[in-house]
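With the hints as your guide, set chain B onto chain A.
Protein chains: 2
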Amino acid sequence: MSLIEPRTLKGFRDYLPETMIPRERLMETAREVYRSFGFSPIDTPALEYAEILVGKGGEESDKQLYRFTDHGGRDVALRFDLTVPLARFVAQYHHDLGLPFKRYHIGPVWRGENTQRGRYREFVQCDFDTIGVESVTADIEAVLVVHQLFRALGFERFQIRVNNRKLLNGLLDSLDLAERSAPILRVLDKLPKVGEAKVAEELIGSVGLDGARAKAVIAIASIQGSNAQILSALEPMAHGERGQQGLMDLRAVLEGARAAGVPEACLQLDPSIARGLDYYTGTIFETFLGDLPGIGSVCSGGRYDNLAQLYTKERLPGIGGSLGLDRLLAAMEELKMLPSTRTPVRVMLAYFDAQHLTDYLRLAAQLRGAGIGVEFYPEPKKLGQQLKYADKRGFEYALILGGNEWAAGVCQLKELKTGATRELKIAGPQGELSSELAAALKG
Amino acid sequence: MSLIEPRTLKGFRDYLPETMIPRERLMETAREVYRSFGFSPIDTPALEYAEILVGKGGEESDKQLYRFTDHGGRDVALRFDLTVPLARFVAQYHHDLGLPFKRYHIGPVWRGENTQRGRYREFVQCDFDTIGVESVTADIEAVLVVHQLFRALGFERFQIRVNNRKLLNGLLDSLDLAERSAPILRVLDKLPKVGEAKVAEELIGSVGLDGARAKAVIAIASIQGSNAQILSALEPMAHGERGQQGLMDLRAVLEGARAAGVPEACLQLDPSIARGLDYYTGTIFETFLGDLPGIGSVCSGGRYDNLAQLYTKERLPGIGGSLGLDRLLAAMEELKMLPSTRTPVRVMLAYFDAQHLTDYLRLAAQLRGAGIGVEFYPEPKKLGQQLKYADKRGFEYALILGGNEWAAGVCQLKELKTGATRELKIAGPQGELSSELAAALKG
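Residue numbers (my numbering), protein chains in the order written: chain A, 44 to 486; chain B, 44 to 486.
Read the hints as simulated data drawn from the structure, not as lab findings.
Subject to a maximum C-alpha distance of 35 Å in a straight line, what follows is the list of computed DSBU-like cross-link-like pairs (lysine-lysine):
| # | chain 1 | residue 1 | chain 2 | residue 2 |
| --- | --- | --- | --- | --- |
| 1 | A | Lys356 | B | Lys425 |
| 2 | A | Lys99 | B | Lys424 |
| 3 | B | Lys425 | B | Lys460 |
| 4 | B | Lys53 | A | Lys106 |
| 5 | A | Lys99 | B | Lys53 |
| 6 | A | Lys106 | B | Lys106 |
| 7 | B | Lys356 | A | Lys435 |
| 8 | A | Lys53 | B | Lys356 |
| 9 | B | Lys53 | A | Lys356 |
| 10 | B | Lys435 | A | Lys356 |
| 11 | B | Lys106 | A | Lys99 |
| 12 | B | Lys99 | A | Lys424 |
Next up, chain A with everything else stripped away, as it sits in the complex (with noise of 0.2 Å):
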C-alpha cells in the first residue's frame, strides 16, 4: 500500500502544542475581559447560504471566498468574517435576545488570498461588540475592553489609536468634499503604509482632488502633540453640526477612558486614523504595539449606524471592535513573550517501579485533586530517558519515587533546571497529601 503524503493545504497551519498553548491562553484572556464588562458569546455555523455573505465584504472578499454547493445542491459559503454573520444573526434573533445586545465571538474565518508572511487562509478573529446603543458611553467602552485586553494580555506598551469618522466628515465638509468621503477615507487610510506622496497621487489621479485640496487633506490627517492639541487644532476646521457631534464624541471618549484609568499614553487622537470599510459612522480605532508597530493595527474597529440593514428594517447601530489574534500571537513570538513550554502542566512523575503502579496513580489523583496538574509518564522506563522525556516538553518539576521512596513514605522532587533536589514527605497526618509536597508544587 502507498503512503498519503501528510501534508496541510497552502495558508493552512497547524498548531502544535507550544504555539497552541499560549494561543489557548489569549483566547482565555480576551474572553475573560469581554465576559467583565458583561459581552456574552455567542456562536453561529462555519458555512452560511453565500447570499448571506456576498457582496458584503468588496469585490476583494467575493474573490476570496470558499464557495461551493452543497449535497442539498444549496450554495454555500464559509464565512469570511464575523460580522456578517453577527448582523444575519441579530436580523434573525433581536426580538429574543432583546436592546442593548452586548455579545462576543472567537472563531475561525476563511480567506482564499494570496498567502504572504503572516497571512493565513484560516484564521481566527475574536470580536466583541454592543448592538442597539446610541449613546457614546458605548464607545468610551469600547476603548476600555481594548486597553484592559492587552494589558491583561501582558502589554505595557501599545496605543489605542482612535478618531472619529463624523469629525473626519465634518472637515471634509469645510473643504466642499463630502460627496467623496468614502473614497478619500479609504486612500487616507493607506497614509501610514505608503506615506503622504503617494496618498497625495491617489487622491488627485483616483478620486480627483485639486492639489490644493489633497494637500489639505493630508495636512489635516498629519497634525500631531497631545490630545489636547491636536483637539484644539481640530475645532476651528470642523464645520457644521456633523464635525461638532464628532468633535463631541471624541472629546467623551477621552474624558471617559480617563476616569476609568486609561492613561493618555495609552489612548492617542490620531486624524490620520480612517479605517478602509464603508460602514463606520463615528468612532473608529486601532491599535498599535509600542514595540513592534511595524505589525499594524492588531484590533480594531468602530461605530456603525446600521449593522444588519440588509437582513431585516429594524435598525440597528452599535460598536465593536476585532482582536486579530493570530497576528497578535506572531507579534508575542518575535517579542519573546511565549513561554517555550511544550506541555500545560509543571510537574511530571516518572514511573520507576511498576510494583507500585496503584501507588503512583493514586498519588498522580491526590496532586490533581489538589489542583495541581501532573503528567504521569506511561512506562517504567529508564529513569535517564524519562527525565530527558521531561527536560525536552519543558516540566519544571520531575517527582521521583522508587521502592526505597515508597517504604519510607516519601519523594525526590527534582527542579529540572537546576537538578536540586529535595526530598520530601508524601503523605501527612491521615494519608491526604503533605503539606509540603503542595506547597513546594504550588509555588
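Leaving out everything else, chain B in the frame of chain A:
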C-alpha cells in the same frame, strides 16, 4: 432594496447566549481536566486535502463529506472528525513532537448527514489521545480522564462501560469465529439499540453464522453482574494468548482506576460493548448518563495499534476518547442542569444620572479591578426599564446610584430575585472599593 432572509442552513445552528454560556463552560472544564493530566492542546485546519480524508471513515462518511474544488483547483474537504487529522498530524510531526505524545483537540467537524433530533451537520468534538504508548497505564489513565471529566461537569450518576477487543476476539476464537470478528463486532455493537432477536438475525443472515454460534456470541455479550462476577464468567472462555492478554488488561484497568478513586458504580465491565469502528484493538469504552441512558454514549473511545498507517511507516499505537459535547449539552438541557442566565456576570450597574458618567465608569473599573465583572447599562434611561432589562438577562444584582447616593458615597444594592435592597458604602478610607461592597458582590 429587497431584504435577504436571515436564516441558517439545515442541520446548522446558532448558539445564543443562554446556550453558548454553558457550552463554553463545558469546553473550559474539558480543557482543564485534559490539561491536569498533561494533555497539550493542538489545532489543525478545518479544510484538508480530500485525499487525507476520503476512505478513512467508511463509505457513509465519504458520502457525507463537504468536498469541493478550491481557488487553486485543489480537491479539498472539511474534516469529518478529529481523529483522521490527528493521524495526519502525528505522521507529519512525530519526530518533532517526541513520544509519548498526549494531545487534546476541541473543534468543529462537519458531516452532511440526514438531520434528526439532536444530530447536526456541524458539531464540536472534544478529543484526547495518548500516542506512542503500548502500556496499559495509558488505558487506565483514559478511564481516569473520563471519570474526572464527568465529575467536573457536575455529574454524579454516570457509567463508564469498558470492554476489550482482544478479549472479545479471544472469545470469538473459542467459537472458531476469529476470522469473522470485524463484521461480528460491528453487528454486536448494535445490541443495546436493536435487541437480541435482530442481532441474531443479522449474525445469521448477513455475517453467516449458524444459529448455535450466533446464540453463543449473544450469550457472551449478555453476561451481567459485578465486575468480579463477569471476569470469573469470561475467564474460562477467553482462549489463547489474545484472550488472556485482553483479560489481563481489563483487570489492570479496573484495578488501576479503583486505586485512583473511581468507584465501581462508575466503571463497569460490559461484554456487550463492541464499538463499531474497525481500528480498535484493545480497551474500548463508552459512557452513559445514569439519568438519561437513552441518549446513548456521551464519551467513547479505545485503543488502536496503528493510528497513522496510511501516512507513515512508523507504527504509532495509542488510546483516546471523544466527548460528544453537543449531545452532552442537549442532555444537560433535558436534565435541567443548565442555568438559565443570559449574562456572564452577576451585577448590572444602572446608569441613572448622566452628570456622573465618569463616576460610574470609575466605579465599574474598580469593581472589575477587584475581580467583580459588571455590566454598565449604556444609557441613562428610566430605572424601571433598566431593571426590566436586568431581570430579563438574569443578573443577580443591580447596583443603583443617583445624585443623592453619589453625594453620600453610597449605593443601593438590589437583589433582583427578592427585590431586597441594601445601602452600602462604595469607597474605603483610601478611596478604594469598599470592602463591604466587594464582599457583598463576591458572595
